[in-house]
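Number of protein chains: 2
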Amino acid sequence: MLVVQKYGGSSVANAERIFNVAGRITETYDKGNDVVVILSAQGDTTDDLIEKAAEINPDASRREMDMLLSTGEQQSVALMAMALSKMGYKAISLNAFQVGIETTPDYSVAKISKISDERIKKELAEKKIVLVTGFQGYNEYFDVTTLGRGGSDTSAVAIAAALKADLCEIYTDVDGVYTSDPRIVKDAQKMKEVSFDEMSELASLGAKVLHTRSVEVAQKFGVNLVVRSSLTKAEGTVVKEGKDIMETVLVRGVASDKDVAKVVVKDVANGTDKTFKIFSALGKASVSVDMISQYPTENGTYTVEFTINKDDTSVAVKALNEAGYSNVTAETGMAKVSIVGTGMATHPNVACDMFEALADANIEVDFIATSEIRISVLVAESDVNAALVALHDKFELGK
Amino acid sequence: MLVVQKYGGSSVANAERIFNVAGRITETYDKGNDVVVILSAQGDTTDDLIEKAAEINPDASRREMDMLLSTGEQQSVALMAMALSKMGYKAISLNAFQVGIETTPDYSVAKISKISDERIKKELAEKKIVLVTGFQGYNEYFDVTTLGRGGSDTSAVAIAAALKADLCEIYTDVDGVYTSDPRIVKDAQKMKEVSFDEMSELASLGAKVLHTRSVEVAQKFGVNLVVRSSLTKAEGTVVKEGKDIMETVLVRGVASDKDVAKVVVKDVANGTDKTFKIFSALGKASVSVDMISQYPTENGTYTVEFTINKDDTSVAVKALNEAGYSNVTAETGMAKVSIVGTGMATHPNVACDMFEALADANIEVDFIATSEIRISVLVAESDVNAALVALHDKFELGK
Chain A
1 MLVVQKYGGS SVANAERIFN VAGRITETYD KGNDVVVILS AQGDTTDDLI EKAAEINPDA
61 SRREMDMLLS TGEQQSVALM AMALSKMGYK AISLNAFQVG IETTPDYSVA KISKISDERI
121 KKELAEKKIV LVTGFQGYNE YFDVTTLGRG GSDTSAVAIA AALKADLCEI YTDVDGVYTS
181 DPRIVKDAQK MKEVSFDEMS ELASLGAKVL HTRSVEVAQK FGVNLVVRSS LTKAEGTVVK
241 EGKDIMETVL VRGVASDKDV AKVVVKDVAN GTDKTFKIFS ALGKASVSVD MISQYPTENG
301 TYTVEFTINK DDTSVAVKAL NEAGYSNVTA ETGMAKVSIV GTGMATHPNV ACDMFEALAD
361 ANIEVDFIAT SEIRISVLVA ESDVNAALVA LHDKFELGK
Chain B
1 MLVVQKYGGS SVANAERIFN VAGRITETYD KGNDVVVILS AQGDTTDDLI EKAAEINPDA
61 SRREMDMLLS TGEQQSVALM AMALSKMGYK AISLNAFQVG IETTPDYSVA KISKISDERI
121 KKELAEKKIV LVTGFQGYNE YFDVTTLGRG GSDTSAVAIA AALKADLCEI YTDVDGVYTS
181 DPRIVKDAQK MKEVSFDEMS ELASLGAKVL HTRSVEVAQK FGVNLVVRSS LTKAEGTVVK
241 EGKDIMETVL VRGVASDKDV AKVVVKDVAN GTDKTFKIFS ALGKASVSVD MISQYPTENG
301 TYTVEFTINK DDTSVAVKAL NEAGYSNVTA ETGMAKVSIV GTGMATHPNV ACDMFEALAD
361 ANIEVDFIAT SEIRISVLVA ESDVNAALVA LHDKFELGK
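Heads up: the sequence lines are chains A and B, in that order.
Quick note on numbering: the numbering used here labels position 269 of the first sequence as 269, and the sequence is numbered without any gaps.
Quick note on numbering: the numbering used here labels position 264 of the second sequence as 264, and the sequence is numbered without any gaps.
No wet-lab data here; the hints were simulated from the structure.
On a predicted model such as this, the values are computed, not experimentally measured, just so you know.
Hints should not be assumed to be uniformly reliable.
Copies of the same chain are indistinguishable here, so a pair counts whether it falls within one copy or spans any two.
Said to hold, decoys possible - Result set (DSS-like, lysine-lysine): computed pairs, CA atoms no more than 27 Å apart in a straight line:
| no. | residue 1 | residue 2 |
| --- | --- | --- |
| 1 | K31 | K86 |
| 2 | K192 | K394 |
| 3 | K111 | K122 |
| 4 | K122 | K90 |
The shape of chain A in the complex, shown without the other chains (with noise of 0.2 Å):
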């Protein structure tokens, strides 16, 4: 069998915890199966690397910030392949341009476009342990490009795509995937089975438990993925087509994401392409959107407002004033709340109850986005972990 692990920064923090990692690594090995395996950074050290840039520059560019911070993950694959080697296993490390991770363009918020599979496939033959650099790739220009934060999720499962893995396992600190954050909510519940669809949007939703991304490409590409432990035995939370989850339950689960900014843009002239070029200048700037909203005001003109990575705002706001908006203003301490589960599009009662919970908790609600599977509010980020209890209560997830 070919195992594609992932293992993510604070589970080789440091020599220990990357001996104990090894030790999962060669159980999986000695059984006869073939390991490739993808590594984060240690611990704190792109952190680290972040503030050591914005001490010399603060808006130093998209590019040297990935050349600067794609070394964290060199690291912790030479360091685990001399683990290994230490182990008595036969091991080696490789960063994206050895094993050809292709990308978009786009610095640091880059996409997987192809990865060749040739240098992997040659080190698996001669029965070694592959180790591979997360979180990057290269573009076009031959410049090193990153995938975000979390990112490392992404690699796994696109080389298990690659290689036609038939399995891929992300290993966190968490030992699967929960109705709703465990320290907030104490009787969240671990799922045994997730669909892409709803672990996409909790993903994205900012249930942390893997890249928005990496969903996506196992989805495209059929990939067997499993999330789970670094620490326990346990075993995880399976994620697969839906069609293939026998008991499919309304709300599956509720989470929250405190990334989150709002922009506000005032003074904006009527016309169809209002908002188009404010988006326009937006992508140009590699800013994702989330919700949005648009309201005329007195003097004929409108105000757009939307929410954003709270990590983009100096980049919006930039954007923005050099497309010629002048009356931009970002606001945080917010978060987002949502309920995710694949039944809820066809019971409108569902949205209804959600309004109920958080009235009924007193929590005043900002924007509200909804999909097919999931409905979002933007709420006072003090008012987060009791709109989690509220809602966890409300759709009976503790049962």
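Based on these hints, arrange chain B on the given structure of chain A.
Just chain B now, kept in the frame of chain A:
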């Protein structure tokens, strides 16, 4: 004019020093020059990474060490690009894969075999300051290699040669090449000029101003080389062809090298291939041998002694054991002291003066090795400073 500059690790150890170096770089750029800069890893980064590796596997393979250590320089070039951009300059960082720095296969002690000038020239044409990782390349397996400690000097000279640069400036924390170590020999004098041959010997003998290979490459390709300080405006030392140097002095400098270990192999069976077998085993293990001595013992076998770099001790002993030599011992605590000068070979009294000075200072001499332009002796490490001072005085280098 096309100028290649190289800055060492201490010159870029923190944000303040990075901006100091950035000031130097832009000063050269503002004069209308094209500028390519080669950087080492920040401050203690390389040592910290070596320590991290040793914690996991003290016998880590050289391949994985190279993979690990090469990240330090990549961080330096990215951070410098951010600093230059902050100052309003266009800059771009490139690693060895991106530039196309091909080396021999040997990890940790690779030699540059080919450099592509395409990418650098393209970036220079766009008026960017180009920052390139020192110390590293990649080999025919598309694996990361490093050039040995201090290898960034060689990176700089090789890139200067490939680009046919008009000038290659090596910035260090000393302001030039001295007749001896100024920290030990108080009246050591800065040389205005030094020949490639002399510099080559001084470098290999532990003067530590330049990486040995860098001098060889500069000589081979006729690179205009200057050694100067990144902290002062002092003129530095020009390294050039000996025939171009007007004033030839008998002895130019006195150098010491404490990174020496002496290996003693006993019970070596007699035979014409007895030394060949030993040094082929060491060659395969990529261990460079310096001074060599062999002598017969009473029982008909031979004892072979030689010196190597201290860092190679365990690799060397292991390689010899594996080649069937069981009676191998390694001694440290010694150092090599050498006098260097182009005129020496034709003046037999130089050797005589050297031994007289050491005898007068009551310093015991072990190995002796000579070349056209130097004489080296092995002494106890505790005698090094006294030997330097005695020789510096004897040859009147303080004048």
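Item checked: Earlier hints that do not hold, by number -> none
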